[in-house]
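Number of protein chains: 2
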Amino acid sequence: MATWQGAMDHRGFHQGSFNSFQSSSSDEDLMDIPGTAMDFSMRDDVPPLDGEIEESRSYNGGGIGSSNRMMDFLEEPIPGVGTYDDFNTIDWVREKSRDRDRHREVANRIKMYILVHYCDSFSLIFSYNRNLSFPSLKSGSLAGLIDISAHWMTDLKEGICTLGIWFNHEHCCWNSNHVTFENRDKCPEWNSWSQLIISTNEGAFAYIVNYFMYVLWALLFAFLAVSLVKVFAPYACGSGIPEIKTILSGFIIRGYLGKWTLMIKTITLVLAVSSGLSLGKEGPLVHVACCCGNILCHCFNKYRKNEAKRREVLSAAAAAGVSVAFGAPIGGVLFSLEEVSYYFPLKTLWRSFFAALVAGFTLRSINPFGNSRLVLFYVEFHTPWHLFELVPFILLGIFGGLWGALFIRTNIAWCRKRKTTQLGKYPVVEVLVVTAITAILAFPNEYTRVSTSELISELFNDCGLLDSSKLCDYENRFNTSKAGELPDRPAGVGVYSAMWQLALTLILKIVITIFTFGMKIPSGLFIPSMAVGAIAGRLLGVGMEQLAYYHHDWAIFNSWCSQGADCITPGLYAMVGAAACLGGVTRMTVSLVVIMFELTGGLEYIVPLMAAAMTSKWVADALGREGIYDAHIRLNGYPFLEAKEEFAHKTLAMDVMKPRRNDPLLTVLTQDSMTVEDVETIISETTYSGFPVVVSRESQRLVGFVLRRDLIISIENARKKQDGVVSTSVIYFTEHSPPVPPYTPPTLKLRNILDLSPFTVTDLTPMEIVVDIFRKLGLRQCLVTHNGRLLGIITKKDVLKHIAQMANQDPDSILFN
Amino acid sequence: MATWQGAMDHRGFHQGSFNSFQSSSSDEDLMDIPGTAMDFSMRDDVPPLDGEIEESRSYNGGGIGSSNRMMDFLEEPIPGVGTYDDFNTIDWVREKSRDRDRHREVANRIKMYILVHYCDSFSLIFSYNRNLSFPSLKSGSLAGLIDISAHWMTDLKEGICTLGIWFNHEHCCWNSNHVTFENRDKCPEWNSWSQLIISTNEGAFAYIVNYFMYVLWALLFAFLAVSLVKVFAPYACGSGIPEIKTILSGFIIRGYLGKWTLMIKTITLVLAVSSGLSLGKEGPLVHVACCCGNILCHCFNKYRKNEAKRREVLSAAAAAGVSVAFGAPIGGVLFSLEEVSYYFPLKTLWRSFFAALVAGFTLRSINPFGNSRLVLFYVEFHTPWHLFELVPFILLGIFGGLWGALFIRTNIAWCRKRKTTQLGKYPVVEVLVVTAITAILAFPNEYTRVSTSELISELFNDCGLLDSSKLCDYENRFNTSKAGELPDRPAGVGVYSAMWQLALTLILKIVITIFTFGMKIPSGLFIPSMAVGAIAGRLLGVGMEQLAYYHHDWAIFNSWCSQGADCITPGLYAMVGAAACLGGVTRMTVSLVVIMFELTGGLEYIVPLMAAAMTSKWVADALGREGIYDAHIRLNGYPFLEAKEEFAHKTLAMDVMKPRRNDPLLTVLTQDSMTVEDVETIISETTYSGFPVVVSRESQRLVGFVLRRDLIISIENARKKQDGVVSTSVIYFTEHSPPVPPYTPPTLKLRNILDLSPFTVTDLTPMEIVVDIFRKLGLRQCLVTHNGRLLGIITKKDVLKHIAQMANQDPDSILFN
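So the protein lines, in turn, are chains A and B.
The first sequence begins at 1 in the UniProt record's numbering and counts up by one.
The second sequence begins at 1 in the UniProt record's numbering and counts up by one.
Pairs of lysine-lysine, DSS-like flavour, derived with a Cα cap of 30 Å:
1) B/776 to A/650
2) A/302 to B/650
3) B/776 to A/302
4) A/797 to A/425
5) A/776 to B/797
6) B/776 to A/658
7) A/776 to B/644
8) B/650 to A/776
9) B/644 to B/419
10) B/776 to A/801
11) A/776 to B/801
12) A/305 to B/776
13) B/650 to A/305
14) B/305 to A/776
15) A/305 to B/644
16) B/425 to B/230
17) B/417 to B/801
18) A/801 to A/425
19) B/776 to B/644
Calculated directly from the structure, the hints in this document are not laboratory data.
Whole structure, please, built from the sequences with the hints as guidance.
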């Protein structure tokens with residue numbers, strides 16, 4: 001049904017297309033062919049029914065076209081009209097319009113126009129309280145639960161508590177009476193597996209037993225996790241942030257935020273973290289929070305029925321997720337704003353903040369970290385930093401950027417291999433192999449054996465007098481000149497061996513994380529990235545410290561680092577390194593700095609963090625534009641239109657629009673000359689999701705745009721309910737249809753499903769402007785005109801393909817529309 | 001030149017309009033009439049010149065239409081084309097397009113396509129460093145300077161230091177050797193005016209002398225301030241935030257951010273604050289920071305020439321302004337994001353943060369508060385708050401909301417009176433009268449005599465053991481049970497008298513601030529609002545404290561407030577009250593809470609602050625939708641399209657567009673049939689700022705849009721430079737003009753100034769969508785079509801007028817386009 005008419009040639013198409021119509025209508029499966037033989041004498045019944053259909057244009061989901069007239073709320077909408085298919089992009093303009101219609105509907109119904117504003121305010125208060133604090137409360141509680149169970153299960157790999165199986169190592173020894181402060185980690189009540197099985201903890205055999213049990217438990221947890229994900233909720237794998245970004249930008253993935261995903265993700269997250277794999281729970285917590293938000297949206301008409309409103313709640317939920325993940329409410333809000341949200345950053349600012357706070361306080365009241373702090377890695381440094389230290393901080397930034405770029409490239413390459421080769425068919429085997437390798441390599445090294453977040457905690461920590469860690473084994477640590485300060489710090493044996501172990505840990509984490517992220521289990525990236533950076537930072541920090549100790553007469557140290565003074569804090573280097581690596585991978589900026597700042601609680605270290613984050617972002621951007629989330633979005637072919645990057649090519653709308661120069665012409669409907677059969681032929685022969693409606697094929701003057709889904713539903717509905725509508729009935733998209741002459745089938749009026757305000761641009765509009773319009777208004781398609789004539793159409797998929805082409809990427813990687 | 005043709009009637013207009021053209025062309029002042037008599041024999045010279053003109057369509061400012069072809073950079077643009085008049089709205093789409101053109105131009109010129117990305121990154125680094133840290137450094141330094149001089153001049157009203165006239169009271173006594181800790185404020189070196197003049201500080205006469213000198217200095221400062229503003233920089237008055245909001249939303253006010261404004265505002269701000277008027281320096285500091293940003297934009301081509309790019313810098317500068325005003329970098333960023341910025345909140349997030357931090361650290365290195373803190377009112381509370389206390393906090397929120405609404409109404413009413421009556425003609429007298437009243441009423445009361453920020457500091461302060469303030473005069477303050485804690489706190493005589501004085505201060509501040517804000521001197525609202533709230537909060541806090549002391553057996557206090565314990569912190573109440581009042585006036589939410597949170601430095605008090613801010617916003621919104629800045633924007637008639645509020649009426653584009661149903665038709669140009677004279681007649685007869693170009697008057701098919709300013713400049717330019725272009729020359733907007741027949745004047749090709757991608761909507765588009773498009777894309781005008789025919793035009797002014805009309809406001813209050 002090609003009907004595109006060039007600017008010059010517009011004669012004689014009508015008849016031709018009509019003919020091809022009728023010849024092709026026989027192989028239709030959508031059309032109710034027997035209907036063409038329906039008795040025309042039933043025509044007399046048509047007017048009232050026709051009127052009923054006419055009335056029903058005032059249904060709720062009628063798109064933009066229907067919002068310009070008063071609604072009759074006694075009529076039920078045709079079910080299904082105005083909804084979306086799975087893996088489809090929503091039309092923001094239409095959804096927003098519908099929400100405003102809903103407001104007005106309520107206003108009309110209770111006829112209390114004056115009170116509308118106040119009612120609305122109060123309903124907002126209630127929906128705030130219910131919709132934004134419930135998911136926050138829920139995700140706060142879930143986060144606490146996840147923390148506690150993951151902690152317990154991680155320790156289960158090493159042993160068991162005789163006081164009660166439900167105690168983890170720390171709580172077990174807390175409740176023990178046989179523990180001294182010096183040996184706070186060793187208590188008789190905590191039995192390692194070798195003690196339980198062969199009743200000893202000494203010797204090579206006991207070591208092997210413990211080793212074996214460690215690997216066994218890890219494999220068991222990983223197997224459970226991947227099986228649960230595979231069987232019950234395939235969407236529960238990964239971090240979920242790429243998908244949430246896409247969903248928030250207006251895409252439908254049914255079930256991605258459903259109750260099964262929530263349940264399975266929560267359970268498998270605990271299992272995955274406990275299995276000792278190189279992954280974190282922070283990203284998946286954002287997904288879990290969004291699931292909570294989405295499920296509670298279902299309780300309220302306002303949010304259930306409107307895709308745009310629901311996304312506002314999801315934005316706030318994402319903020320709550322980060323808030324509970326790090327205990328950083330402001331950082332969570334900024335993360336949601338900078339990284340996740342798309343269309344309404346400012347509108348949801350306040351709600352996100354509220355949600356993040358409620359979630360944070362819920363988490364705090366559960367107190368999973370046992371220190372009554374909101375914060376995961378609470379640190380307090382005592383030494384200020386010196387301006388010269390910016391040089392190592394920037395070095396850490398460069399390292400972070402390099403690592404980020406390397407990680408993204410290799411991880412994406414590996415994930416692509418998984419997608420394209422046989423590898424992807426055996427997710428369980430893959431997970432088990434990676435877990436086995438991780439566990440086998442991790443057990444001998446005490447820094448890989450502990451959970452990653454404990455490792456980060458230790459690396460961030462500034463050595464105090466009472467620290468028994470190997471990292472704090474400085475030679476004269478007990479000869480304090482003043483109370484509470486460590487004066488000279490030549491590294492002891494412990495520090496040197498810790499350095500070696502940390503270096504090995506660094507290599508293991510760097511390699512294994514590449515293969516871990518993207519497997520079919522819930523896996524976050526924040527913690528592994530931070531671990532890599534923290535190790536690198538600590539190594540550099542200790543190096544700097546020793547350099548300053550042995551060479552305090554060098555000019556650079558001379559001025560500020562007098563002999564005997566503790567002038568360099570290796571923990572701060574670890575923190576800066578963590579920020580740099582996280583920045584390199586995710587390309588977050590302000591939110592990253594604010595999250596790290598909320599972790600330390602002091603404004604003093606913002607400048608080092610900023611310097612590192614900035615360097616890291618620049619270095620990583622120079623090696624590859626995309627962050628890990630955007631790279632995964634592209635890998636999966638989601639239709640995500642990046643809001644931050646500018647489109648900087650000089651192409652025009654006419655270079656992008658369909659049909660291309662030599663293609664068959666654009667498929668259009670005419671407003672008053674097509675029959676039901678014609679339309680059904682077009683529907684069956686094309687796969688377009690909508691059709692422009694024109695005055696006539698000759699003039700190509702645009703009237704409106706009608707969606708395929710709405711058209712199919714309306715025709716089906718008319719055939720079922722409206723007696724007399726047959727295949728030869730003429731479809732009218734005009735406001736008034738001419739009187740039906742006798743002995744002809746009744747007409748079908750479909751103006752109610754017509755979008756009377758389709759977006760148009762001229763063919764000479766630069767694509768940069770078209771991209772901007774798609775981005776800012778959230779369009780699904782845009783029509784192209786030349787001197788007032790309809791010429792073609794640009795869909796979101798076309799725009800994305802064009803952007804990919806311009807960036808020398810594979811345009812076919814965009815899979816959905 | 002009315003040419004709107006209805007959808008049905010499109011015959012015979014061409015000739016008629018042509019006639020009326022020629023008859024009206026004689027009374028032209030823009031047209032160069034002698035040119036019509038120019039010798040046609042010069043026609044032979046035309047082709048090369050014509051070619052030159054053709055070439056020059058590739059000038060830099062050619063709007064959207066020019067960006068679709070390669071540019072020839074040897075050609076100079078016609079000067080003036082692509083710039084804006086004063087008090088005009090900018091076209092965001094066009095400005096952004098131009099910036100991208102500039103990028104591509106650089107890229108083309110150096111022919112190093114591969115390096116473009118890197119160069120761009122580096123140029124960004126440099127422009128970051130120069131453009132964003134220079135204004136921040138500068139505004140940081142200026143803020144420090146303002147702080148120090150305002151402090152000195154405020155003290156000058158009371159006396160003078162004999163150690164050196166440049167010492168303020170505090171520094172004078174710091175440098176004195178005759179001062180004890182108990183009497184830190186009294187030292188022999190600090191002489192009050194009575195001591196200097198009549199050599200005594202005792203007795204009624206000395207009091208009168210001091211009183212007189214106080215009022216005299218206040219009047220002198222105020223007179224200087226208002227005179228300087230009136231003579232040198234009228235734009236330096238007010239807080240500047242409404243204007244900056246409007247400028248950032250895309251409006252031109254020349255000189256508003258110029259160097260004179262900067263200089264005079266800095267000086268007069270010090271004078272105004274010192275005069276003791278009820279005003280603050282925080283709002284004006286934002287204006288000062290924006291001036292710094294704007295002036296430094298002039299050093300860089302990229303920012304000087306592009307109005308959109310410049311606004312990005314200004315957004316960051318606004319963040320820096322708040323950052324230095326409160327020492328709250330994150331709060332500053334969020335303020336810029338929530339309250340001030342308009343089109344690019346996320347793009348400028350990182351830069352704003354950078355600018356805010358640099359500004360904050362500059363201020364800190366100057367250390368104007370003398371406590372090496374970034375923060376204006378640093379407080380530390382020792383007691384946690386109890387859940388029950390949310391009730392008084394919400395009461396404070398209600399008070400704040402009521403005050404905010406009352407203040408906005410009365411202040412706007414008074415400002416309108418100033419605008420419309422004789423009052424506005426005597427700004428100097430008005431300022432002097434208000435200053436005199438303020439000074440006379442303020443001197444007897446010690447809480448009004450001190451500067452407002454000192455008052456707030458004192459109110460926020462938690463009473464310690466060593467506080468000598470009357471507010472801390474509790475009866476048994478020296479009987480401490482434990483060291484450093486105040487156990488029982490029955491109020492002493494000092495507290496009761498302080499309560500009375502504070503109540504009087506509250507009334508004075510409430511009344512006088514209404515008359516002060518809006519006078520012709522720099523005046524901020526943050527500090528007076530916070531003062532009102534802090535006083536109310538402290539009063540309530542002390543009340544609660546005494547209630548808890550005398551009735552600690554009541555059920556509500558029983559559980560958490562045991563006898564003898566210090567369970568209520570009046571300082572916290574003051575802080576919550578300040579947040580509530582500031583929220584009521586400005587309607588800030590997240591940024592307000594974050595600013596207040598950065599003032600205290602603890603996450604613990606976010607919930608009380610949020611409860612108060614939320615209540616205050618809801619109460620104030622229920623009494624009047626607009627915050628003070630929006631109210632002032634409307635009062636001044638600026639074309640500001642509120643981004644947060646939704647347009648919720650069911651009108652259509654056809655209800656808003658010009659021409660209205662019975663008006664003369666829309667003035668259009670045709671693409672190939674009008675002469676220079678025709679166009680000049682249209683230009684002189686209408687005041688429209690642009691004209692649509694159509695294929696022909698009959699078809700009304702839209703080709704593009706041409707700006708009046710560009711048209712005038714191009715025609716003038718062609719008449720001057722292009723020999724042979726006369727009044728009867730035909731203007732072609734088409735791509736190719738037909739060959740000129742012999743003995744006819746040469747044609748004028750103006751396709752280069754034609755915007756080939758004007759925005760169009762259909763006449764049935766709901767206004768809610770049109771408003772959304774204007775908001776998000778920053779349009780200046782939008783054309784309206786019906787079934788592909790041009791029908792009318794909607795300008796930003798039309799949209800604003802319509803919104804005002806729908807909100808039952810005066811549509812004529814919008815003055816500018």
